[in-house]
Amino acid sequence: VQMTQSPSYLAASPGESVSISCKASKSISNNLAWYQEKPGKANKLLIHSGSTLQSGTPSRFSGSGSGTDFTLTIRSLESEDFAVYYCQQFNEYPLTFGSGTKLEIK
Amino acid sequence: EVQLVESGGGLVQPGRSLKLSCVASGFTFINHYMAWVRQAPKKGLEWVATISSSGTRTYYPDSVKGRFTISRDNAKSSLYLQMNSLKSEDTATYYCARDDWFAYWGQGTLVTVSS
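Quick note, the sequences are listed as chains Y and A, same order. Just so we're aligned, residue 1 is where the first sequence starts under my numbering, counting upward by one. Just so we're aligned, residue 1 is where the second sequence starts under my numbering, counting upward by one.
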């Protein structure tokens with residue numbers, strides 16, 4: 001399953017809201033996760049099952065979608081949210097990731 | 001607190017072998033599938049292998065199938081990745097992860113394949 005993530009780069013200001021898209025080449029039901037990558041820190045699972053917030057994930061993060069189209073939305077960006085985000089499908093092997101979205105401060 | 005600590009990375013020549021280890025703590029290791037994920041320099045994440053909780057089932061992408069072997073020692077709460085016939089494109093930071101939605105990741109160990 002190919003995972004097409006967009007945009008690859010996103011610039012926004014604190015307080016703004018942003019959305020990241022992830023499209024699967026075939027239906028993956030809701031077997032999708034979103035991760036945050038920050039330098040010097042272990043990767044962090046934000047959302048699984050398409051829309052279920054992992055324990056500890058702030059409520060400004062939300063996930064939506066099922067089948068082939070998924071979206072990660074971050075409302076009211078905070079400084080700690082500027083990072084790289086990846087989607088990943090868990091529906092079938094081989095497990096595949098999106099190419100990543102780098103969220104930078106405008 | 002869940003901890004995953006990888007080790008064993010380093011510089012290795014093309015065609016040679018290397019074995020990575022990951023020691024887990026803070027959870028009941030035998031209850032969980034485990035996985036390896038890698039990230040080449042300046043690139044995205046790539047899943048490398050998964051092993052069932054008992055170790056009887058393993059899964060690989062085509063890019064490493066036949067060259068890499070994932071294994072585990074539940075008595076030692078340890079996960080391993082034996083990498084043979086290494087290629088330059090295997091250069092990456094290798095992470096172990098607990099395979100319940102990859103909820104936990106280690107900090108990674110760098111493998112550099114170069115002559």
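Any given hint might turn out to be false.
To be verified - Listed below are several chain A residues computed to face chain Y (Cβ distance under 10 Å; list not exhaustive):
#1 L4
#2 G8
#3 F27
#4 F29
#5 V37
#6 P41
#7 K43
#8 G44
#9 E46
#10 Y60
#11 Y80
#12 D99
#13 W101
#14 A103
#15 Q107
#16 T112
In short, the hints are calculated from the structure, not lab data. These numbers come from a predicted model, not from an experiment. Yeah, the Cβ is synthetic: ideal placement off N, Cα and C, and Gly gets one too.
Hints and how they fare:
At its closest, the beta carbon of L4 of chain A sits 8 Å from a beta carbon of chain Y; the interface hint therefore holds under the 10 Å criterion. A cut of 10 Å between beta carbons decides the hint on G8 of chain A: the least distance to chain Y is about 18 Å, and the hint is violated. The restraint placing F27 of chain A at the interface with chain Y is violated, with a minimum CB-CB distance near 14 Å, outside the 10 Å limit. Look at F29 of chain A: its Cβ only gets to about 17 Å from chain Y, farther than 10 Å, so that hint breaks.
The interface hint given for V37 of chain A holds, since its Cβ lies 8 Å from the closest Cβ of chain Y, which is under the 10 Å cut-off. The interface hint given for P41 of chain A is broken, as the beta carbon of that residue sits about 13 Å from the closest beta carbon of chain Y, more than 10 Å. About 9 Å separates the beta-carbon of K43 of chain A from the nearest beta-carbon of chain Y, less than 10 Å, and the hint is met. A least Cβ separation of about 5 Å between G44 of chain A and chain Y falls short of the 10 Å threshold, and the interface hint therefore holds.
Checking E46 of chain A against chain Y: minimum C-beta separation of about 7 Å stays under 10 Å; hint holds. At its closest, the beta carbon of Y60 of chain A sits 8 Å from a beta carbon of chain Y; the interface hint therefore holds under the 10 Å criterion. The interface hint given for Y80 of chain A is broken, as the beta carbon of that residue sits about 19 Å from the closest beta carbon of chain Y, more than 10 Å. The beta carbon of D99 of chain A comes within 9 Å of a beta carbon in chain Y, closer than 10 Å, and the hint placing it at the interface holds.
At about 4 Å, the closest approach between the beta carbon of W101 of chain A and any beta carbon in chain Y falls short of 10 Å, and the interface hint on this residue holds. Here the hint on A103 of chain A is kept, as its CB sits about 5 Å from the closest CB of chain Y, short of 10 Å. Interface restraint check: Q107 of chain A against chain Y, minimum CB-CB distance 6 Å, threshold 10 Å, status holds. Checking T112 of chain A against chain Y by beta carbon gives a least distance of about 19 Å; that is not within 10 Å, so the hint is violated.
Checked against the numbered hints given earlier, the structure breaks hints 2, 3, 4, 6, 11, 16 and satisfies all the rest.
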